[in-house]
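Colleague: Take a look at the letters that make up each chain.
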Amino acid sequence: MLEHVVNGLVLGGTYALVAMGLTIQYGIARIMNLSFGDTIIAACFGTYVLFSTLQINPILALAVVVPLGYAASLLIYRVIMKPLVDRAPSDGALEVDSILVTFGLLFAIQGVLLIFFGGGYTSYSFLNTPVNVLGTAVAGNRLLALGLSLVIAAVLVLVLYRSRWGMMLRAVALAPQSAPLFGIDTDRAARTAFAIGGALAATGGVVVSMFQTFTATGGVVFTMKALIVVILGGKGSVPGAIVAGLLLGLVETFVAAYVDPGLTLAAVYTVFLVLLLVRPNGLFGKA
Amino acid sequence: MLELETLTVRYGKHLAVDGVSLTVAPGEVVVVLGANGAGKSSMLKAVAGMVPTAQGAVRLHSLTLSGMPAHKLANAGIALVPEGRGLVDRMTVEENLRLGATPPRARGSEAETMAQVFDIFPRLAERRGQIVRTMSGGEQQMVAVGRAMMSKPDFLLLDEPSLGLAPIVVGDLFKALARVRDTGVGLLIVEQNVRISLRHADRGYLLEAGRITGAGTAGELMTDDAVQNAFLGGTA
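As they're listed, the protein sequences go chains A and B. So for the first sequence, the UniProt record's numbering puts the first residue at 1; every next one is plus one. So for the second sequence, the UniProt record's numbering puts the first residue at 1; every next one is plus one.
Don't read these hints as lab results, they were simulated from the structure. One or more of the hints may lead you astray.
[Stated by the list, open to error] Some chain A residues flagged as far from chain B (calculated, every beta-carbon gap over 12 Å):
{"no.": "1", "residue": "Asn57"}
{"no.": "2", "residue": "Ala72"}
{"no.": "3", "residue": "Phe103"}
{"no.": "4", "residue": "Leu127"}
{"no.": "5", "residue": "Thr136"}
{"no.": "6", "residue": "Val138"}
{"no.": "7", "residue": "Gly140"}
{"no.": "8", "residue": "Leu174"}
{"no.": "9", "residue": "Ser178"}
{"no.": "10", "residue": "Leu181"}
{"no.": "11", "residue": "Asp187"}
{"no.": "12", "residue": "Ala256"}
{"no.": "13", "residue": "Val259"}
{"no.": "14", "residue": "Leu263"}
{"no.": "15", "residue": "Val278"}
{"no.": "16", "residue": "Pro280"}
[As the list claims (entries may be wrong)] Okay, the calculated beta carbon distance ranges per label pair:
{"no.": "17", "chain 1": "A", "residue 1": "Ser52", "chain 2": "B", "residue 2": "Gln130", "range": "54 to 60 Å"}
{"no.": "18", "chain 1": "A", "residue 1": "Ala154", "chain 2": "B", "residue 2": "Gly164", "range": "41 to 47 Å"}
{"no.": "19", "chain 1": "A", "residue 1": "Arg78", "chain 2": "B", "residue 2": "Glu94", "range": "31 to 37 Å"}
{"no.": "20", "chain 1": "B", "residue 1": "Glu94", "chain 2": "A", "residue 2": "Leu158", "range": "16 to 22 Å"}
{"no.": "21", "chain 1": "B", "residue 1": "Pro52", "chain 2": "A", "residue 2": "Arg78", "range": "20 to 26 Å"}
{"no.": "22", "chain 1": "B", "residue 1": "Gly19", "chain 2": "A", "residue 2": "Leu158", "range": "47 to 53 Å"}
{"no.": "23", "chain 1": "A", "residue 1": "Pro67", "chain 2": "B", "residue 2": "Arg59", "range": "42 to 48 Å"}
{"no.": "24", "chain 1": "B", "residue 1": "Arg90", "chain 2": "A", "residue 2": "Val64", "range": "36 to 42 Å"}
{"no.": "25", "chain 1": "A", "residue 1": "Tyr124", "chain 2": "B", "residue 2": "Pro52", "range": "52 to 58 Å"}
{"no.": "26", "chain 1": "A", "residue 1": "Leu134", "chain 2": "B", "residue 2": "Ile131", "range": "39 to 45 Å"}
{"no.": "27", "chain 1": "A", "residue 1": "Ser123", "chain 2": "B", "residue 2": "Pro52", "range": "52 to 58 Å"}
{"no.": "28", "chain 1": "A", "residue 1": "Ala154", "chain 2": "B", "residue 2": "Ile131", "range": "21 to 27 Å"}
{"no.": "29", "chain 1": "A", "residue 1": "Pro67", "chain 2": "B", "residue 2": "Pro69", "range": "25 to 31 Å"}
{"no.": "30", "chain 1": "B", "residue 1": "Ala57", "chain 2": "A", "residue 2": "Tyr161", "range": "39 to 45 Å"}
Note that the Cβ used here is the ideal one computed from N, Cα and C, for glycine as well.
Build out the structure end to end from the sequences listed, making use of the hints.
Modeller: If you want it as structure tokens, here you go:
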């Protein structure tokens with residue numbers, strides 16, 4: 001029982017972590033990024049290369065991979081997204097355009113990864129020693145992953161809700177039309193939000209790679225899961241992403257353990273459907 | 001001095017504002033009267049950088065403003081309270097006020113300005129933790145004016161501040177605006193509510209179909225035949 005709770009939280013923590021990035025990109029930059037999962041996979045491979053060739057452990061790899069994710073996303077925003085933003089007549093149009101262009105980007109990232117790493121499953125062994133948690137053995141790397149996810153989530157919530165800078169980002173998400181009147185540079189906010197989302201995807205990649213196998217074509221699964229978490233939590237809501245991510249992880253783990261491992265996806269979609277029927281805007285969504 | 005010089009705003013082929021020229025001095029209250037669709041909102045939005053200026057110019061202390069993005073105009077000393085108030089209505093009063101002090105020119109004096117806002121609108125001090133959308137229309141308009149004051153503007157533009165408010169609330173609002181003016185801020189107000197806005201204004205302009213068709217002191221306009229016929233039903 002406890003074992004499943006811990007495993008569920010580990011899984012849910014990573015869901016929450018990556019969904020926070022997607023929800024920030026969508027909520028503030030108004031870009032629905034379908035290549036989000038592929039950014040995560042790219043970060044997995046980046047960590048793998050650093051670990052297996054240079055013996056840099058994943059914790060230190062964060063210092064390389066995360067800024068790289070931020071910079072790469074900033075570049076993608078400037079080169080690919082900004083022209084779309086400038087020509088979009090409305091937020092709705094930007095959403096559609098961004099879905100199409102990031103769908104293309106997904107295959108571009110995937111293609112590059114396939115060339116370098118092939119289509120096989122990759123993993124490495126780091127901190128794979130059992131740790132005793134209240135009587136159950138849990139892999140050290142999983143515990144570390146959970147710890148990292150929770151710390152990053154807490155920091156992000158603090159920054160968003162306690163700092164002036166976070167307040168400005170939230171204002172852009174909540175009232176994009178009014179924000180410029182406050183003296184807020186909405187272009188810059190969108191760019192920064194997209195880059196932060198990329199940095200969170202990279203963080204998610206590093207964390208996931210510590211305990212999971214990954215493959216160049218596996219990004220879609222992360223995008224799908226993150227998307228479900230974002231919608232469940234309420235579009236643009238970081239606290240919503242955290243709660244929904246943890247919930248989803250627990251549901252998956254418990255269904256796999258007590259019902260049938262083959263039904264995890266079915267269970268996820270059932271929770272998704274039922275919750276949307278009851279709360280169409282998600283758990284923390286605005287009406 | 002805030003100067004609009006042959007300001008023109010176009011939406012596609014539609015000419016919303018057709019060569020409007022007017023001035024507002026510091027500490028002056030100027031009202032632009034016009035019916036729905038006369039181009040009042042478009043004029044203010046162009047000054048605040050929310051819609052592009054097709055022709056003409058806006059100058060503030062002889063600095064040309066037209067072409068600057070809205071967030072930079074806020075730092076140049078222009079504050080707009082738009083139709084619909086332009087607040088982040090899912091945030092608290094205090095958050096909106098603090099966000100109002102975003103322009104670098106206002107950062108340093110945030111605490112003082114907030115004290116000033118609370119002095120003019122004591123109600124906001126009581127309600128500082130309340131989510132804006134749960135407040136009454138009159139209170140929300142106070143937040144909107146307070147938020148604009150937080151940016152330490154030289155000129156405050158208001159788009160129909162009286163819209164949807166009860167007469168007694170409108171009276172209080174204009175009294176509060178007079179106190180804002182007393183701090184040296186110039187006010188440019190567009191209104192359909194002729195009586196109350198002229199009572200609190202120094203000068204006024206008439207705007208019809210995007211053009212200025214009349215101008216004068218508030219006293220002159222109050223007794224002007226055109227104003228009488230167009231807005232006050234011909235009775236004086």
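Colleague: For every hint, state whether the structure bears it out.
Modeller: Hints versus structure:
1. Asn57: 41 Å, holds
2. Ala72: 27 Å, holds
3. Phe103: 31 Å, holds
4. Leu127: Answer for Leu127/A: holds, closest chain B Cβ roughly 42 Å.
5. Thr136: Correct as stated: the minimum Cβ-Cβ distance to chain B is 42 Å, above 12 Å.
6. Val138: Check passes; 40 Å lies beyond 12 Å.
7. Gly140: At roughly 42 Å from the nearest Cβ of chain B, Gly140/A sits farther out than 12 Å, so the non-interface label holds.
8. Leu174: 5 Å, violated
9. Ser178: 4 Å, violated
10. Leu181: 5 Å, violated
11. Asp187: About 8 Å separates Asp187/A from the closest Cβ of chain B, which leaves it inside 12 Å; violated.
12. Ala256: 38 Å, holds
13. Val259: 39 Å, holds
14. Leu263: It holds; Leu263/A is separated from chain B by about 38 Å at its closest Cβ, greater than 12 Å.
15. Val278: It holds; Val278/A is separated from chain B by about 21 Å at its closest Cβ, greater than 12 Å.
16. Pro280: 18 Å, holds
17. Ser52/A with Gln130/B: 54 to 60 Å: 56 Å, holds
18. Ala154/A with Gly164/B: 41 to 47 Å: At roughly 42 Å between Cβ atoms, Gly164/B and Ala154/A fall inside 41 to 47 Å, so the hint holds.
19. Arg78/A with Glu94/B: 31 to 37 Å: Holds, since Arg78/A and Glu94/B (Cβ atoms, about 35 Å apart) stay within the stated range.
20. Glu94/B with Leu158/A: 16 to 22 Å: For Leu158/A against Glu94/B, whose Cβ atoms are near 18 Å apart, the range 16 to 22 Å holds.
21. Pro52/B with Arg78/A: 20 to 26 Å: About 23 Å separates the Cβ atoms of Pro52/B and Arg78/A, which means 20 to 26 Å holds.
22. Gly19/B with Leu158/A: 47 to 53 Å: Since Gly19/B and Leu158/A have Cβ atoms about 52 Å apart, the given range 47 to 53 Å holds.
23. Pro67/A with Arg59/B: 42 to 48 Å: For Arg59/B against Pro67/A, whose Cβ atoms are near 44 Å apart, the range 42 to 48 Å holds.
24. Arg90/B with Val64/A: 36 to 42 Å: 38 Å, holds
25. Tyr124/A with Pro52/B: 52 to 58 Å: 55 Å, holds
26. Leu134/A with Ile131/B: 39 to 45 Å: 41 Å, holds
27. Ser123/A with Pro52/B: 52 to 58 Å: 55 Å, holds
28. Ala154/A with Ile131/B: 21 to 27 Å: 24 Å, holds
29. Pro67/A with Pro69/B: 25 to 31 Å: With a Cβ separation near 29 Å, Pro67/A and Pro69/B satisfy 25 to 31 Å, so the hint holds.
30. Ala57/B with Tyr161/A: 39 to 45 Å: 42 Å, holds
Checked against the numbered hints above, the structure violates hints 8, 9, 10, 11; every other hint is satisfied.
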